[in-house]
Amino acid sequence: MKKLLTLVLAVAMLLSIGAVSASAEDLNIAYMPNYASLWSVVTGIQMGYFEEEGLNVKLVEFADGPTIIAAMESGSIDMGYIGPGAHKLCINGRAKIFMLSQIGNADAVLARKSRGIETYADLKGKKVGYSSGTSSEMILQYALEEAGLTMNDIQAYEMEVSSLVSAMVSGSIDACAAWSPSTATIIASDPDDIFSMCSNVTFADRSVSPASWIVLSGYYGDHQEIVLRFARALYKAMDYGSDPANFEQVAKWVAAQCGVDYEIAAAQTGDAAWPSSAEIIAGAQDGTIEGYYKVQQDAFIASGAVEKEVPVADYVLFDIMIEAGK
Amino acid sequence: MGVLVIALLILSVIILLISRRDKETFLITFLAVSLAEFWLTMLIYISKKGGFGTGLQALLFGTRQIRLYLQYLIFTLGQLGYILAVGRYLFPLFLMWLALYYSKRIPQRGKRWLYPLAAIIPGAALIIYYPRIFERTISLSTGMIQLLVRCTLGWIIAYLVIALALLILEVRETSMRFYRRQMIGRLMMIVSFVILYGLYCPQDPAQVYLFYRNEYMGAQQGLWYLNPALNQRTYILVFVLVIVCTGVGVYHMFRCAWESISEGQKENTIRRKFDAASKGASVFVHSVKNQLLANRVLLKRMDAELLRKEPNLEAVREHSQQLRKSNDFMIERMEELYRSIRTNSIVLVEENTDSVLDLAIERMKRKYPDAAITCDAPEHMTILCDKTHLAEALYNLLVNGWEAQSGMEQPEPLLLRVRRERLWTVISVTDHGKGLSREQRKHLYEPFWSSKNTNYNWGMGLYYVRQIVKSHLGLLRLEQAPGQGTSFIVQLPNFQRK
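Read top to bottom, the protein sequences are chains U and S.
Count along the first sequence from 1, then add 192; that gives the number in the working numbering.
Count along the second sequence from 1, then add 13; that gives the number in the working numbering.
In case anyone wonders, no lab produced these hints; they're calculated from the structure.
In this text, a Cβ means the ideal position worked out from N, Cα and C, and glycines have one as well.
Where hints are given, some of them may not hold.
Claimed, not checked - What follows is a list of derived Cβ distance ranges for each label pair:
#	chain 1	residue 1	chain 2	residue 2	range
1	S	Glu186	U	Ser409	52 to 58 Å
2	U	Asp345	S	Glu148	15 to 21 Å
3	U	Asp345	S	Ile146	21 to 27 Å
Said to hold, decoys possible - Beyond 12 Å from chain S on every Cβ pair, some chain U residues (computed):
#	residue
4	Ser323
5	Ala348
6	Ser362
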């Protein structure tokens, strides 16, 4: 009898182990190789917050937000992080935002003094590289508008961000609009000549630059519970990562994930004000976050990137932000 | 592995181009290069866009360094997209041309206009997809981008299907086993190319030009390279297939080229032999004809003499003797020629060098009784030889030497010398004639080549000597120095009875 009982218990234990492993959900999560994209998700992995939620997170690197949305549409990615520029695709109904990551200040327009550029007006007729559809294009348009210029007044070179870095460093172009850490790499290549003309803060009066975690409507409809668990883990990670005392540790994790030196990752800790879960929950409840997205949408409409106004609640899942905090 | 496959494609065509340069090789080269270009551009694009794990990174790029190198190459989206378009639109064209080239069903006359006809659509696509023209074209109407993307994919698929069908049909209709095997090898390689191309064939360059634009995103075209079907397993399968099939195809083509080279060499040898025989026959006919004409003159003289009432019998007798002499000479020349070309069997036996030299000198004295020969040979020296043939060869060298001194008032004696030299028994014949010019030395051993009067010398002497010496496992060399005369040296392996 004892033997039979032992056998039954052993089988039950094995089954329970199997049940636990079966409930661990494998997730392919898209990110961009910078601190702003990784600060919370890499902390969640390292601190075991996703594991606590029964999630097995696999990170996949992408160059930019629109590519991440395309990857989600192809079915190879479950959830992902996007920068400010790709938010127009969410407004246009391509994806839903379920978590604000941070309000960033990572975008900048860089120029070479040796090419005669000191003011926005000097950009006229110059070779300027930018990544269309991303925050790079947005900040370049703001800078041009300041001098009463349009994209037609410059020699615009459409590139993705790694080509921007090479082209700017080699001197193939006179100016470019990029984001961190590419901006830091470009300036570091020739600090005496290359300078930052402006950043997101410069245009704070007309736009904010929120970066967010997104999911496709279809995936959200089928896996609402998983999205909630992911958001819960993110909150725990944000609470850890938003504490300045932990910046050094998070920067080390980010550097390891991106395969770059610690100093490069650490330099990016100033790219934004990293929010805690409490700040986001409060913001979601009192409409502050909705306000950010509204201002951003207005800016998109003004620039022509978005045709018509869409209620923010149609593409931002405030319920998840609030529910995950409970 | 992706980068490796591109390198393999390039390497294969280089090997092919080294071994052969015909229309087929050029078409396969164009096909492989357009595929390599298309794939390399895709890899650059993928490296820039991301979206792969470390496993795929290793599979596609090999190392992180290679990926970073490609990622940071400077391209505008327009440049990158158009380079992609060039590979994408040229590959189906080259495939179609190759299929037309192989097809025996389509008559040659039909092919002449099918080649340029097949180039019209890809050519038009390359014009339309030029970034500035493309942007203007899609701005014509909202549905234009969809139309272009679909039409382009449509003709590409049609080209691939028609070309493959032609190739398969060609293999089916080839009944000779050798050619069938050759065709299957090529078909395997081409099909593997098509599969590799097919992985990214739906990758419209619009994706690169317009990916970030509302026009493209609005059309929900997505990113083809992120298709989940293109997982690690698919890549490995296709890469292995391409490596194996390209190897098989290149091997078949290389073998074909090698066989063609061997065939060419064989053909050259036969041609040379024919030329030699033809030259020989010409010299022979010319020489015999001259002799026969001379004989006819003698016969005419004899007839004229005999028609007289009182013929001068003394004169007739003289003409008759001349006629006999001429006849004997012709027989002798023919026998010499016959001996020269009839060297099929050589029987090597132990012989004393004295007996061989004696036989050669005896023959020489018969021809040139006045010839002076100094013989310097140790006694009782043995060699392994065919006495008759070797003596004949030495006789030829002696005749050459003596004739080389023919213009001299007081010709010096020929020196016939035998000695041991390391591993060789050396027999040399030295004359003191004027020697041989560089040009003469170049043709020395060629059959039917002679620097002398061709009526009496048919140029087979030294060719024959060389053949005989080679048959004795020996060497024949020429040495000449001012004041020391000209020596033909026969080196025969030393023979020692154990």
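Status of the hints after comparison with the structure:
At about 55 Å, the CB distance of S:Glu186 to U:Ser409 agrees with the hint of 52 to 58 Å. Between U:Asp345 and S:Glu148 the Cβ separation comes to about 18 Å, which falls inside the hinted range of 15 to 21 Å. With their beta carbons about 23 Å apart, U:Asp345 and S:Ile146 fall inside the hinted range of 21 to 27 Å. Not every C-beta of chain S lies more than 12 Å from that of U:Ser323, the closest at about 7 Å, which undercuts listing it as non-interface.
The non-interface label for U:Ala348 is inconsistent with chain S: the shortest C-beta to C-beta separation is roughly 9 Å, within 12 Å. With a minimum CB-CB distance of about 7 Å to chain S, U:Ser362 fails to clear the 12 Å threshold, and the non-interface call is violated.
Comparing the model with each earlier hint shows violations of hints 4, 5, 6; every other hint is respected.
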